[in-house]
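Enquirer: All chains should be built: construct the whole structure from the sequences, respecting the hints.
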Amino acid sequence: MAKAGKANLTRATEDYLEAILALECEVGFARARDIAERLGVGRSAVSNALHALARSALVDYKPYRMIKLTAKGRQAAVGVRHRHAELKAFVTDVLGLDETTADEAACRLEHRIDPAVLQRLTDLGAFILATRAEDQAPWLDEFVQFCRARNAAADAATEAAADKRKTPHLEHQDMQNPEDALTLADVQPGGTVRVVRVSGATKTDRRLVDMGLTRNAIVSVVRVAPLGDPVEIRVRGYNLSLGKEQARGVLVEDV
Amino acid sequence: MADPDNSRTDPQPAAPDDQAPDTGGKLSVALAGNPNSGKTTIFNAITGARQHVGNYPGVTVEKKEGSARYHGQSLHVIDLPGTYSLTAYSIEEVIARNVLIDDSPDVVIDILDSSNLERNLYLATQLLELGVPLVLAFNMSDVAKTRGFDINIDYLSRLLGVPIVQTVGHKGRGIRELLRKAVHVGADPDSAVDAQRYPDYGHEIEPHVQELAGLVVEAGCGQRHARWFAVKMLENDEQSAKRLHTICGDQADAILARATELREHIESIFGDSAEIVLADRRYGFISGACTESVEMTVDRRHTISDRIDMVMTNRWLGLPIFAVLMYAMFSLTFALGNPLVDSIGDGQDWLAGTVSSAWPPLMFPLLKSLVVDGLIKGVGGVLVFVPVIVLLFLAIAFLEDTGYMARAAFIMDRLMHKLGLHGKSFIPMLIGFGCSVPAIMATRTLETRRDRLTTMMVVPLMSCGARMPIYAIILPAFFSKSMRAPMLWLIYTIGILLAIILAKVLRVTLLRGKRTPFVMELPPYRMPTLRGLLTHVWERTWMYLRKAGTIILAATIVVWAMSTFPRTERGHFSKDYDELAAQVQRTRVAAPIDDARAAELDAQMAAIDNEQQAERLSNTVMGRLGHLLTPVMEPLGFDWKIATGFVSALPAKEVFVAQMGVIYALGETSEDDTESLQAQLHANYTPLVGFCIMLYALISAPCIATLAVTKRESGSWRWALLQFFGLTALAYVVTLGVYQVGRLFVG
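If you read the protein sequences in the order shown, they are chains A and B. If you read the first sequence in the numbering used here, its first letter stands for residue 1, the second for the next number, and so on. If you read the second sequence in the numbering used here, its first letter stands for residue 1001, the second for the next number, and so on.
Please note that a few of the clues may not be correct.
[Unchecked claim] Under the rule of at most 30 Å between Cα atoms (straight-line distance), these lysine-lysine pairs were calculated in the DSBU-like manner:
1. A:Lys244 <-> B:Lys1504
2. B:Lys1368 <-> B:Lys1575
3. A:Lys68 <-> B:Lys1575
4. B:Lys1171 <-> B:Lys1063
Everything labelled a hint here was simulated from the structure, so no lab data went into it.
Expert: Set out below in structure tokens:
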């Protein structure tokens, strides 16, 4: 993948380049250990990735030596970094969201979005900020206000709709997971739902997938244990019991 | 999706049965399959009694092996642990796949529950990916039929490129056919593997899998498992990465780096971890195959099993039913078991009595003592557990084989979860009130080692039946009638509370780790077979006799030696007992006397004898140990006599009573004749000391049998020793606190 050049760098490759560049700027050199720490990944993963980067001639790397970006690598890394800063500015200054959200969003956007669209987006940001500075346009603040009001109304509307439908198996809208409110733990006995996704973050989540709770699998909740914790479900023609905690990791939707 | 027209219809031409191909010696057969698929039944049906149960090296996962013959071909059968998948997340799965790769069996039989085909095929897809020569046994085909599944076996067999045999394990149906296919596949594994199909991961992922598999082959790291490695690398399976490293060294780095790239690519496209995406695809492959080959002929929403569960795990009835069942199991076991235990005790006494009276007087008295007090007692001590073990395990096997055990865990999980344990820990803890030995053996039903060890460590705090004789002596000696029941209740409660605290402490210290998430299949209720139950019970009883029995016997003999040596020679006693006895004897025969006088003299004789025995004991290692421990035990309110009693009670708690009888020169106290001992205790100690004796008996070092079983079940002496010293230390601290604080109030 990486050998195709800058346009086609994988997300991980970009992250590595970014990290190496940052380290070079901050401390003057990059070591595998520091990279691992910075990216929160294992040392072996770093060494694998560095081998790959070296093969694509993006870094100079020999085990147990300093790691240096090649000219090609530096160019790619600077590109990534610049894009990141610009995107982040767009999210904070134009969209009015906080720094942390902006950082994460920028990370996700920069690797996924089409370069042409990205370019336009950053241009738009620069343009808005420039015009704002010129005529002190109050519309940007109004925009932020508007967004808040609109989202609040939308939230209320969804809630009302949910109430109206009076779906029998929605116990309570547990809002700890604002993106997708409905998890398997919210479904009442007798309810049937479709699996949207299993979070996949833990070993248990992966076990659940092995047990057949895959995307689009149809699951019905049979009963809750007498003391209220494990729930019994039926999936793929057999009965499985799982703790509420585990059920909370399974996002579902009504069928 | 596999294309049936391209695959060879039948990988093995049907050769006549009597000419089973010669594979040169033994054919190795591995049995794989999901838990609850009837794998054990098939294993039993294939191997009969020719079984051997052991452990996989270094872990406490049972390894069952057996042998069978099929038309002159001898088979070596390995029963792999039951697993749902082949990930690296559980020991069982790692063991199963290591055996499959390292031992490369000639043929693998995957046993599937035909009435639960989709999930059972999930393991099969992974076995296909692994590239092992496979035969599928569609077990419980009768159940599947009654539940309305119409499976087109031939078509499915062609779709997967694998021979499929329908079986009914507990009736032995299809077993010969299964062996026939297995022997044929085993005769030419390579062409069997060539004919096999595996899930196609679709145009986004499949090219990646093939690219990696190609790299693995190029590097010469294993032709046979190349696809497996490719898939596992995409799943970021570290165990497989390590294995690849050991096989092809430096070349692995490049392949792994490439795999990382491809994995990240997959993850960025699907927005999910590659592992989950691949599992999705596998189930997709299975659904596809099943839609084409399985039809539901009847639409039955509620099976019998579902209906049973409407009662058994009912929100309101579930708990009461569970309580009643547990009570029934417990009381039945001990009601039926105790008479047997007593008759073993009687038999032991009778044998001891017969041997000592038949022994020529004054000949080898030491050998006589060894035989009577050491050997017979030791063997008795081993056998005494057998009735209870057999009955309890029969009950447990019944609950397990019917499928109720899973429901019990389902019902109790909330409560046990609070203690940091798993729902299934409840049963061993309950059995602990009867006897710790079978209780610790019952921890086998727990899946994770952490849960097993925690449960094993706290089980001895459940006050077992052997502590009862001690309470039975102490309570009447020190407490008024109305106080006895509350005191007994208090002791049991303290045990339970300490167990809860200890479990919690262990879960944050030595056995730290996340609580075991609760994900458990609730298999349909089934009628257990007698043969299955008996095999189960026999295995455990034999294991106990063979492994724990030897340790218990050896320990009993050591304790015998400690309470026998050094012997006090005649003339070294503080008094001349022989002379005293002779005097009484002379009085008795000198003149005719009435019955009352005779009885009085007999009592004097006995008293002299007992006193001599007491002095002899106090001179032995055991007695000296008691004396030596006195300074340590004094703060608990114990004198050397109680200390000696506790040391001698190591083989079995109830020995304490008998030993106190000897120390107080009352002779060995039997349970029917306790009043004189109670009087002695009452005269010598305060009720506070009495309570402390019960407390110490409850908490301190469990009996040798328990230690032996803990060693056996945990796989190391480490945990047994920790249990021994840890609980003794706990007993010391608790008793010390109670005695010292209590003294302030009681004086």
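Enquirer: Please go over all the hints and tell whether each is borne out by the structure.
Expert: Right, here's what the structure says about each hint:
1. Proximity of A:Lys244 to B:Lys1504 is assessed by CA-CA distance (about 21 Å); at most 30 Å being required, the pair is judged to hold.
2. Taken as a hint, the B:Lys1368 and B:Lys1575 pair is honoured in the structure, with Cα atoms around 25 Å apart against an allowance of 30 Å.
3. About 94 Å separates the Cα atoms of A:Lys68 and B:Lys1575, which puts this hinted pair outside 30 Å; it is violated.
4. Restraint check for B:Lys1171 and B:Lys1063: the C-alpha separation of about 24 Å stays at or below 30 Å, so the hint holds.
When each numbered hint is compared with the structure, a violation occurs for hint 3 only.
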